[in-house]
Structure formats: C-alpha cells, structure tokens
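One-letter residues, chain by chain:
There are 2 protein chains.
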Amino acid sequence: MDCESDTIDSPKPPGPGGDPIHEEGVRLDTKSLFRAILPELDALETFLNETLSDVDPGVKGVVSHLLGVGGKRIRPSLVFLAAKFGKAPHSDKILPVAAATELIHMATLVHDDVVDQALVRRGRLTVHTKWSRRVAVLAGDYLFAQAFRLLARTGDPRATDIMAKVVYDMCQGEIQESIVALEEGPVSEAVYLERIGKKTAIFLAESCRIGAIMADADERFVKALETFGWGLGLGFQIVDDMLDLTASSVSFGKALGADLRAGIMTLPLIHALAHSPDRLRLAALARQGARGEGDVAEVRGILGASGSFAYAEQKAKTFVADALEGIKGLPSCEAKEALTSMASFVMERQA
Amino acid sequence: MDCESDTIDSPKPPGPGGDPIHEEGVRLDTKSLFRAILPELDALETFLNETLSDVDPGVKGVVSHLLGVGGKRIRPSLVFLAAKFGKAPHSDKILPVAAATELIHMATLVHDDVVDQALVRRGRLTVHTKWSRRVAVLAGDYLFAQAFRLLARTGDPRATDIMAKVVYDMCQGEIQESIVALEEGPVSEAVYLERIGKKTAIFLAESCRIGAIMADADERFVKALETFGWGLGLGFQIVDDMLDLTASSVSFGKALGADLRAGIMTLPLIHALAHSPDRLRLAALARQGARGEGDVAEVRGILGASGSFAYAEQKAKTFVADALEGIKGLPSCEAKEALTSMASFVMERQA
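Going down the list, the protein sequences come from chains A and B.
Per the working numbering: the first sequence = residues -2 to 348.
Per the working numbering: the second sequence = residues -2 to 348.
A portion of the hints provided could be inaccurate.
Since the list gives no way to pick out one identical chain from another, each pair is judged satisfied if it fits inside one copy or across any two copies.
[To be verified] Derived PhoX-like pairs: lysine-lysine, alpha-carbon spacing no greater than 20 Å straight-line: (1) LYS314 - LYS325; (2) LYS69 - LYS196; (3) LYS196 - LYS57; (4) LYS162 - LYS57.
Just so you know, these hints were derived from the structure itself, not from any lab.
Based on the provided sequences and hints, a complete structural model is requested.
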C-alpha cells in the first residue's frame, strides 16, 4: 500500500489564498509526478514498445512513427497515481490498463488528425500525410483493438466495460459536436460543457477510476479520484480549446484556428457571441470559418476585448479547483502531490 | 442441446459428384438458414435496434441510417449456428456476442467507405456523404466501442480477447494491403491469400469459434467450426474481390473497379499479371489506376481472355470445399444444413 490508509486527512478549511491553483509556490512540477511514478512511466514506455512491436514489418513503420510522436502520458499517469490509493497498488492489471488508456488516446488523435486533415502533430508529419488516409483510419482502429486486447488480458471484464464506455461517450460527444458544426446552430455554454465532458472529462475521470478499481481501492477513494479526473478534464479541455486561438503555433505543434475553421464552438467564442459589442461581425467570421490568418487574428482581438478569454480561464480554474477539492480528503503522499501538480500544469500550460 | 451430441457422424467417402459446392440440387437456400436460426435472427434485429437507440438524438440519425443499410448478417449467423453445437446453445452470452460481430463488421464498412470515398453502400448514401468524413470516422469508432461494451457484458474475458484480436488482425491485413498499394510493388498469390486471411477469413473463423466457445462446445466441434469459417472466409473474399470487376453495379450496390482504382490487387489480376499475353498493357492499366469505365472494361477483357476469372473461381471453390470438409464430422442437424447452404451461397452470389 503506497497511499492507501484507513484514516483519511480531515479536510482543511480554505486558506486565505482562496484559489488553490495559483497560490504562491504552486507551479508546474513534473518532478513530483516523476517522484511518485517514475518506475511506472519507464515500464509504460517499454511495455508500449513491446506491445506495438508484435506487428508485420509494413505496419511497424506506422506504429514506430506514432510512438515517436510521444505525448504527455496524462491518462496512464492518472491510472498509475490513482492505483497508489488502492489496497493492491502493485496489481499486474495496472500496467496493461494504463497502456490501454494511452493507446485509446493515440487512436483518437490519429482519427482526429485524418478528419481535420492536420499536416503535423507535435512537430511530426501525421500518419495520413506520411502514408494515406486509409492507413491512418486503419492505424487508429488497430490501436483501439490493441487497447482492448490489453484490457482483456487483465481477465477483469470491468476493465473492458469501463474503457468501452469511455470510447462510446467520446464518440457520441464528438459526433454531436460535428453535427452541430454542420448545422451551424447556436451553441450554449451548457451544451459546450456537456460535450467536453463526454469528449475529455469522462476519459480522465475514468482513467482515475479504473486505476483505483484495478488496485482494489476503497469506494470513497474511487469516488474522490473520479471527481478529480472529471474537474481536471473539464479544465484541461477549456484551456486546450483556448490554445486553438491563443497559442503560438510552434509550441502548439498544430495549426492555429483549426477548431474555428471546422466550425467548432469553444468557450471564449460562445461567450463573445453572447456578450461582445462586435458579435455580429464575429458571427460572420465564425460562419465563414475564418479562413485566413488575418481572420483568426481579428477573432482573437474581438474575444480579447470582450474579456472572453479571461472568462473561459476563470471557468477552467473553477473546475480545476473542484478537482482539488475532490481529493483533499485523500491521505497525503507523493501520489497526491503529483495529482496536485497535474492540476497546476493544466492551468499553466501554454501549448 | 440442439446439435450437440456425444457421437459424431462418421465421415462419408467423397461421392462421385466430386465438388460438393456445385452438386445438382445444392443451391442458395436461405430457407435452411432461417429454419435453423429464425428466432435468433429476429432477436438480433431487435437487440441491435435497442442497443443503438441508447444515444443522443443527434447521433441517433446516423445510427438509424446505418441500421437501415441492412446486410446479410453473415457473422452473427455463424455465431448462432456454431452455438447450436454447444452444450449450452441458449447461453445468454450468445446474442450480445453475435450483435458485437455485426457492429464490428459495420464499423469496418463505415471506415472502408470513408477512405474509399464511396458514395453509396447497398444503394444508400454512405455516412460521410450524408454527413461528413468526421462523422463517419467517429461513427465507426462508436460502433467498435458499442461492440466491446456488449462483449464485456458477457462477463467472459475470452469474448473481448477473441474479437479484439480479430479487429487487430483485420487492421494489420488492411494496413499491409494499403502500404503495398502505395508502394506499387508486385503481389504474389501467397501474399494475397495471407492478406485476405487476415482481412476476412479470421473474422469468419472466429465468429464460428466464439459462438461455439460461448455455448461451451466440445473442443473438436470448436476446431471443426473454426476450419469451416476460415475456408468460407477465403472463398467469400476471393468471390467478393472478383465482383469488383464482374458484377453489375446496380446489384453490387457500389462502384465497379473501386479496388482496381485504389491499387488493390485481386486474385484474377495477380494471375493475369503473371500469365496473360497482354500483361504489360495490364500492368500499365493497373498502375495508372484504370480511371475510366473503358479502362475497367479493358481490364475485364484481358482477365477473361487469360482465364484468370476461372482460375480465381476454382481457387474459391477449393477453399469452400475445405470448409465443408471441416464440418463433415459434425452431427447432422438443421444448423449443419444451414452452414452448408451458406457455403453454396458464397459460390453462387453475383453481388
């Protein structure tokens, strides 16, 4: 047992600092993440490489390319960290489940890129650019299949059930988003939040939950960790959506304004369409898909002037604060520190 | 127990007719199929409709469209028929597993259509034509996810494991095919057979196997049914590939020559490239992707003259004969008759 304990910390009253995310001294701290789960993250890379090496030579090139793209490994990190709060933190179910979350995430990225016709992902050519659309769609399917093989390997049908539901909800969220984009209907903040819940927050919440369950954690801990993942996911996606308009494309690794061009509504845009004095001009720009860089800059200017970025950032902060509130009762340990630093990371990332 | 029996039929010596597929009187007989599993096929339609109704209204339109496209339900039929040879032919694992095979098949069709840019499938607009490529890719992912939820519902990790491996192999087969097509290398018959094995035969073999296993069939029966599915799958795919060039597009429900244009090598083409006196002209036509209807007709003429269609048909017959050989030891019953009629159907289909 790493963090598992029969007693749980008594919740502390909120300090004078208020916002737990941007308190003095709370900064992005990958060290605390690595301190808590460095051996697990190492084992993950080895395991992913081994898992994906068992392929035909032709397919191997595609898979190596995908692994080389790298990533933040947020979902498997959540699985590993959540498992620390269980009675069986070293269960051999945890590594395949963590790897499965990353493979599912990779599959959705490959499919996103092919439908967005993105040329690059994290500075590397996308699969459909390097090979073909067919190869990209199939590579995504292949990654899904490999993920479910790993989940079956646990011998625990809950693993398949939880992750199949995650993919199911994600797809529903994204299909909804796409159909709304096609129909060009107005989108409310509530619809937006429901959508990013399905698209991102459920995946992060369930990564926490599955890690805790596979490690046989107490039901209270499972709930607390799920709450954390949910708030983290909402905050993460709001910030990610903002970066579509605010990041520098070099650090972001993909083209700016891609969501805007695809007709996908993000929170600052939804806010500005309701509150900006320039909302008619903004609606026209959004409708025509803001084709040039000048259009994107104009949209960014309108959203800045109406305080819409600040509004979205504040919303994200609130969700991340909820996430931290959710785990404040968990026993203090390195894993809890690492979860806290992931929350800070979400709010401070620029790309 | 429907067909399960401790004694198995002693194999009969081959009759004077030789080829068991085209013997007098053996014709496509959907009646025998329906006689054996009519209640199961009815239950399948209800179950698929219910399973796919549990979605957001926006997604429901896409799903209804997909269900409306229909299909031959070959894979679930194999699951149901194979289950008849088990000790628990009425296990409640069988229906969700049968439905999962159909959902996985539908997912692969939706993804095939989006990468082929096919306009119609069985006379209906494809998902990406009616909505968008994004919706089509996501709808395929959604179907995969729903399939794995059903497999998890059996509580039997073997179900997830078997079907995840099927998707895994199918994707590898198709990625291989696509990369070969991109590289324009020569394809041998052996490579072709390995590819259609992964792409189709494994799925049909495993549909038989999973049905038998979920119904707790004797290991000999599981093996016999798997052998049947494998031969049926190879025969089916060879015929299906031939139809790309020989079908009338109305009955085929998709554009003729699609594989040819995509650079995908089919068995008659591989044969003719090795044996036709016009092989240089044929290679040129294949390389440039036989763009017009005139090109497709010319390819068809060359393949006809070199006996390449006849060659491929003979190959298909041999595999289907192997399939029937595989199950000749199974006890006689309606399910066995139905399997035999499916074998005839494969060889006699024109579209």
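**Request:** If the cutoff is 20 Å on CA atoms, where do LYS162 and LYS57 land: within, between, both or neither? Let me know, please.
**Result:** Close across copies (17 Å), not inside one copy (29 Å); limit 20 Å.
**Request:** Check LYS69 against LYS196 for me: Cα-Cα at most 20 Å, and say if that holds within a copy, between copies, both or neither.
**Result:** Within one copy only: 18 Å inside, 33 Å across.
**Intra/inter-copy verdict for LYS314 and LYS325 if alpha-carbon distance must be at most 20 Å** = Classified as within; 16 Å inside a copy, 68 Å across copies.
**Message:** Checking an output row: LYS196 and LYS57, CA cutoff 20 Å. Within, between, both or neither?
**Reply:** between (29 Å within a copy, 18 Å between copies)
When each numbered hint is compared with the structure, no violation occurs for any of them.
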